[in-house]
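2 protein chains.
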Amino acid sequence: MSQLRKDPIVSRWVIVATERARRPAAFVDPQSTATDPKDCLYCRDVSAKVVYKSHGVKVINSSSPILNSHSPFERRTHGLYEVAHSYGSHEIVIETTEHTANMADLSKEQIKTVIKTYALRMQVHRQDPSIEYILAYKNYGVAAGSRDIGHARSQIMAVPVLPMRVKDKTKGAQKYFDYHERCLFCDMVAQELKIKERVVCQNEHFVTITPFASRFPFETWILPKEHHCDFADGIRGREDSLAAIMKDILLRFKIGLNDPAYNYMIQTSPVKKPLAFKDDYHWHIEVMPRLTRVAGFERGTGFYICPIPPEMTADFLREVDINA
Amino acid sequence: MSQLRKDPIVSRWVIVATERARRPAAFVDPQSTATDPKDCLYCRDVSAKVVYKSHGVKVINSSSPILNSHSPFERRTHGLYEVAHSYGSHEIVIETTEHTANMADLSKEQIKTVIKTYALRMQVHRQDPSIEYILAYKNYGVAAGSRDIGHARSQIMAVPVLPMRVKDKTKGAQKYFDYHERCLFCDMVAQELKIKERVVCQNEHFVTITPFASRFPFETWILPKEHHCDFADGIRGREDSLAAIMKDILLRFKIGLNDPAYNYMIQTSPVKKPLAFKDDYHWHIEVMPRLTRVAGFERGTGFYICPIPPEMTADFLREVDINA
Numbered sequence: 088m089s090q091l092r093k094d095p096i097v098s099r100w101v102i103v104a105t106e107r108a109r110r111p112a113a114f115v116d117p118q119s120t121a122t123d124p125k126d127c128l129y130c131r132d133v134s135a136k137v138v139y140k141s142h143g144v145k146v147i148n149s150s151s152p153i154l155n156s157h158s159p160f161e162r163r164t165h166g167l168y169e170v171a172h173s174y175g176s177h178e179i180v181i182e183t184t185e186h187t188a189n190m191a192d193l194s195k196e197q198i199k200t201v202i203k204t205y206a207l208r209m210q211v212h213r214q215d216p217s218i219e220y221i222l223a224y225k226n227y228g229v230a231a232g233s234r235d236i237g238h239a240r241s242q243i244m245a246v247p248v249l250p251m252r253v254k255d256k257t258k259g260a261q262k263y264f265d266y267h268e269r270c271l272f273c274d275m276v277a278q279e280l281k282i283k284e285r286v287v288c289q290n291e292h293f294v295t296i297t298p299f300a301s302r303f304p305f306e307t308w309i310l311p312k313e314h315h316c317d318f319a320d321g322i323r324g325r326e327d328s329l330a331a332i333m334k335d336i337l338l339r340f341k342i343g344l345n346d347p348a349y350n351y352m353i354q355t356s357p358v359k360k361p362l363a364f365k366d367d368y369h370w371h372i373e374v375m376p377r378l379t380r381v382a383g384f385e386r387g388t389g390f391y392i393c394p395i396p397p398e399m400t401a402d403f404l405r406e407v408d409i410n411a
Numbered sequence: 088m089s090q091l092r093k094d095p096i097v098s099r100w101v102i103v104a105t106e107r108a109r110r111p112a113a114f115v116d117p118q119s120t121a122t123d124p125k126d127c128l129y130c131r132d133v134s135a136k137v138v139y140k141s142h143g144v145k146v147i148n149s150s151s152p153i154l155n156s157h158s159p160f161e162r163r164t165h166g167l168y169e170v171a172h173s174y175g176s177h178e179i180v181i182e183t184t185e186h187t188a189n190m191a192d193l194s195k196e197q198i199k200t201v202i203k204t205y206a207l208r209m210q211v212h213r214q215d216p217s218i219e220y221i222l223a224y225k226n227y228g229v230a231a232g233s234r235d236i237g238h239a240r241s242q243i244m245a246v247p248v249l250p251m252r253v254k255d256k257t258k259g260a261q262k263y264f265d266y267h268e269r270c271l272f273c274d275m276v277a278q279e280l281k282i283k284e285r286v287v288c289q290n291e292h293f294v295t296i297t298p299f300a301s302r303f304p305f306e307t308w309i310l311p312k313e314h315h316c317d318f319a320d321g322i323r324g325r326e327d328s329l330a331a332i333m334k335d336i337l338l339r340f341k342i343g344l345n346d347p348a349y350n351y352m353i354q355t356s357p358v359k360k361p362l363a364f365k366d367d368y369h370w371h372i373e374v375m376p377r378l379t380r381v382a383g384f385e386r387g388t389g390f391y392i393c394p395i396p397p398e399m400t401a402d403f404l405r406e407v408d409i410n411a
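The listed protein sequences correspond, in order, to chains A and B.
Here the first sequence is numbered in the working numbering, starting from 88 and rising by one per residue.
Here the second sequence is numbered in the working numbering, starting from 88 and rising by one per residue.
These aren't lab readings, by the way, just hints derived from the structure by calculation.
A few of these clues could be false.
Identical chains share a label here; the pair holds if one copy fits it or two copies do between them.
In silico lysine-lysine, DSS-like type, Cα no more than 30 angstroms apart, as pairs [claimed, not checked]: (1) 360 / 203; (2) 262 / 136; (3) 125 / 360; (4) 334 / 281.
Chain A extracted, bound-state conformation (with noise of 0.2 angstroms):
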């Protein structure tokens, strides 16, 4: 069983495996990039640990999960710092049932099951009372954190505590509703819509831009246009929309960027919302295509340097030809 530990002075949440940890030694070789479809644990038959499926969608737990629910959920005291046992699931989504591997290469339908598939699966999670957030993530290639490339999937964690960044984000976003009673993220959206430089793409319900504070070169964001807190409720009537603008941003990666390596992660609200979440967050997905390595003082002072502006970023992909 892992163990979930708060640092004590920032007050991060980490996930530290204990039992199942790698063996020191396990670092120092570079991990494999193994491909073979013939090896392909998402290609075999799982329907023994499928916990939900639909259209070439299915949902296993995590094969090494690195959280679980078989006892509850309790913090406790060790000395000044705090710890609990990692209470929650892990869950992968097998995004089609063929051996591809960028989500980019699969059709608008298929991106629209994955979709659906994120939202039912948080509305199942959150009614366990001791989950406080439900992250859902891709990591597509080895710079982006995956061991492989093989199959594309995608990941559901459902957690008992906030996650820093979630934190900062809901916070910043409240600070900036209290003093505008506005919602900060509708202001981003008019703004960029109006200025249009840092606009990648945009349809009925949603527009990919470059952040104008980027961290990373190539960073977007997707907005839904409408203020919504929540994701798994916003979405609904919108998947068409959400498939068509992911299909989109994620081939312009592949095309314009010859298929880097890339993260995304839908940043919803936390799911027991007080009610001022509601209007002052605003659902988003950031998705970042991972071409360069993060240095150390970016890495331990939150403090980074983006080599090139969003705007050029912007105007790059928006004349990749997706279409070619």
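Got chain A; can you put chain B on it based on the hints?
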């Protein structure tokens, strides 16, 4: 000139390269890792650019500075965003006249000179009333964000804003002090020295631990045993001791983990210290080998999964024979 831009959501400042930005296409191909000594910039005569030197250590201005003080620091709005030109300074500390790559291979005397140089440059930069924070850090190896592994060097950046993690750390330490009327770091040092399971090595003035809520495998922190908020002042008379413990931990990494890439960052207090900081903040150094890639949700949410418990890495590092 680059820009400093503030993320309106989490109030995170980032540096965005503008005029000297890399072209979008430059991100498509992986970076060069060439390390040929005859092409080494730091082996050449750099005397024209030297701003400080002592016992084989030279400090030069970065040849592609992302910060400069040519015009005064001024924050301004850009719609709902905040921006400033990237005021400050960016220096390279060339740690030796030899073409030695790893600080672990320098003599203690040489490391001591590097440490003294950091302190002296910090004392110079903090005379500038626009400077809020001074970062001294090292990127060793490509995986740690360096362009090559050619010649031992580190960097000093003086910036006119507080990095996000520094704010988080000082705020967290302040909360603890407000409640307990004791320094959080002093309490941590006492607890770690008593429990011992996360102590890697120690000497008269410093202890190296693997932190309880480690984010990364083999993450270590060097903590002064005596309280001091500020590196440049607190290090006086302790330079020998710090040089010894730095060489010790870096040798443990080199021998035990097969010469891994690593970063270290000196986490000193902000330049403009309210009186409170003196009691509740405690300078320290984070040292992190770069053995794994950070996956998407960690980067996006600040929620880390550490694949090995710090007690196990402390044990492993303690047993490395650095006299082999």
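Enumerated hints in conflict with the structure, sorted upward: 2, 3
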